[in-house]
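**Q** In case you want the letters, here they are:
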Amino acid sequence: MALARAEGRRLLRHPIVLASIPFCVGTFLLLTWNQAPVLSRDDILTGLALCPLSGAVFLAAHLGATRSFRHGTDELYEGTVTTPAQRTAGHLLSVLWTIGPSVLLVVAGLLYLVALRAVGRPDPVELLTGPSLVVLGGVLGVALARWWRAALAGPVGVVALAAIEIFLVWQTSAGRPENDPNPVRWLAPWVPIAISGDPPRELVVRPSGWHLVFIISLALLFGGIALLRAGVRAHAVAATAGALALILVAGSAQVRAPTAAQRRSLADFLVHPEKHQVCQIRASVRYCAYRGYAGWIDRWAAAVTPVTSRVPAPARPKDVEIIQTLVVYGSDVGEADLQGSPAASQFGYNPTEDDLGSAITPGNQWGRGKYEGRDELAMDLIVAAQVVGLPRRPQDVRLTAAEARRILAGYEPSERADAAKQIHAGGAWDYCTSVGQARAVLALWLAAQATSRTESTFRGVLARDPYGIQVVRSGSDVNVRNGQDFTFGGPMQGELATLQYELQTFNFPVQWSKTEATYALQLLNQPTARVSEALARNWALLTRPSTTTDELVQVMGLRPLPSYDEQLREAGVSPVHAKSVIRNLTDPANADPSLVPCR
Amino acid sequence: MNDTLDGVDSDALPTVRLQGIEKRFLHTRALGGVSLDLGTGILGLLGPNGAGKTTLLRILATVLAPDAGEVRLLGRDPARSQDRLEIRRRLGYMPQEPGFHRNFTAFEFVDYVAILKEMTNRRRRHREVERAMELAGLSGVARKKIRALSGGMRRRVALAQSLLGDPDLLILDEPTAGLDPEQRLRFRDMVSRLGEDRTIIVSTHQTEDVAALCQQVVVMNGGQILLRGTPRDVAEVARGHVWLADGRDPRARLAWRTAEGRHRNIGDAPAGAELAEPTIEDGYLLLVGEQAFSEAA
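Quick note, the sequences are listed as chains A and B, same order. Residue numbers for the first sequence follow the numbering used here, so the first one is 30 and each next one is one higher. Residue numbers for the second sequence follow the numbering used here, so the first one is 1442 and each next one is one higher.
Read the hints as simulated data drawn from the structure, not as lab findings. It is possible that some hints are incorrect.
Here are the computed distance ranges between Cβ atoms for each label pair [to be verified]:
id, chain 1, residue 1, chain 2, residue 2, range
1, B, GLU1538, A, ALA189, 27 to 35 Å
2, A, LEU273, B, GLU1538, 50 to 58 Å
3, B, GLU1538, A, PRO212, 49 to 57 Å
4, B, ASP1508, A, ALA267, 28 to 36 Å
5, A, GLY101, B, THR1671, 30 to 38 Å
6, B, ASN1544, A, MET30, 20 to 28 Å
7, A, PRO51, B, ALA1589, 25 to 33 Å
8, A, LEU273, B, GLU1575, 23 to 31 Å
No experiment lies behind these values; they were computed from the predicted model shown. Backbone N, C-alpha and C fix where the C-beta goes; we use that ideal spot for every residue, glycine too.
Could you put the whole structure together from the sequences, leaning on the hints where they help?
**A** Dropping the structure here:
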């Protein structure tokens, strides 16, 4: 034990091990940086975060166990009381000294997440996986030293381990369906929640207990093999045989595919969400979250309440609901397990067919820092659209006969008949454009003004893709006169339209235009109370679908945006070129035929 | 006859008893039937390179097993694992090239060996390490990294580790190699004090060290013991074969000019030569023959 203690201390003080700790911390911070912490998910990440330490302990343990060979002290040590077997045992036991710091790192990680208002409960078994990987790394390093004593062996071993991890987890599952990844991945040291997609921990069967036994058995096996090699017989044979038996048991248990009963149990989260969710009403808005995510209701309400509270009391909606929907994609739940549950529609990947109702359905992820601003803005845009009367779902966008004909005309004649089954007068459509509608400006302002984060996100989005013509400067030669060095990014604000996907909501149809967004920005630049008061006075007018953006500009006293002509003239484009550009931009033939107005 | 180092306590159990020890490395005979009994005191082991000294010391240090013959160390048989452990508990060994962990401090290195010597109690072990380092004159550099120490200092670190546990049998292979004169004198002082109550076997090329320190000398060559006796016995081998002349005598096997300006010739003395008092070095050179002459040259 004295040798183990001495070697353990040396192991912990080894420069490679010390250098790996910032990597562990950095990995954990990186993995959890953008997400509001969920302990039932992030506990798994502690295992990955400790992989640098595991690799470092592997290297340091190998160097420690080969030290006497490399430094020529074997003969000296031979003359001591301690046998090579005892020295090997000492090195193996020294690896246990890494448990303390590993556990400390895990606990520090948890405390960090708790300080960030984490939700959910960590699984102690998952938390132990990381420290056990560190121990396994050390044991493998000592075992390798019994065969290959060159210093080069350590780095080669680490690379081999990384290759095994990547092969088992990602390569063996490559090409398989997301909901049926290869169970062989569980033979890898660390196994992520899913190979693709972002399913919640709740919808994934993780045999983490067996996996922990598997890792510990591997450590015992390689420890036994190292001792056998060092000359120990009876005990090492027993330990190796026992470990081998455990590996077989744990290994076969963990690679078993989820049973039907397990899948049904997971599916119950989606088939009967009411059994697993907690609901609260805050400022007339109903929020429902799964128990492990109940803490997020505060976050959602903090984003939504400033939107609804700006709506004049008589017009304040009573039917806004925020109901969490877990993402099935990549989980262990199959379509068959859901048996007609609304969540089954997630498998169709067709928003026009989903059956999730009109509730706003955030998923199992919520951003942190600037990403929280993006998720808040995404949620607020949907809420704001709903309160100003814009469509909430594709089912609320109904095609007219002319629109259906126009869209179908874009199809190849051979595909037209098939497409016509979905695209017809009165049929639902994936998205609609709010361009030219005053209520769109209203919705955008309501969403942007909600919190400091939403405002900053909104401003950032518009700064990245602003309204109007942009002159492209190529080096010092700015030649706008020939019409080749300016661009027009298009009328629609693409980034705002895709924010909903970050919220894991896929059925919000409204597309925003840069014009309305820029007027909303003008409103944002004015004192909130004054804007709020003016909007309240004109609420009925401004939320009417037929009220145009130009009318809102007049009512609210906004500065009209420059026309294309003015912008091109400002940019120094010759009138001849300007005319041709404007013709291109405004030619109905060039318009996207699939864009239909929100009604 | 069982000789002991002090030549007095012949009935006591010897610390070292070797009977017909043989050792081969492939086709090379390293030891050919070495027999030796040793008791308390300091034994000097002299011999040219390849004489079998290091092989003999490694067998005595239990790190090498003989091919044939019987070994008894401290009354035990090192071929038996339990006995071997018991011997090692009472044995200090400084190999010819001990090797060092360059990133360890001197203290850490000696402490590490102390751990390997089953000194488990940390406080007691540290006291013992400090004692051994003080004996070896290392107290001032205990916290220095070994990579920062000179070759001589490193030899002392190796010596310090061999002194751990106050061993009854101390085996030192070339302990004075690389030491400066002052360090060698300190070494002699330390070893002579230690040799009062234990068995110390010192392998060296330095005949002056042997003359100054050892009660007994074994001269080896070709894996065999050529002579076993006192330093005076070794010197006596050369009596009548060492003479002083004004010049190098062509009949001498080896000759060199002394500080007085005369030539010391070794070989068969010519009639009428002025014979000189032989030294242990003269005897050693005559004993081991041409190989030693060439090494000395």
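**Q** Of all the hints given earlier, name the ones this structure violates by number, lowest first.
**A** 2 and 8
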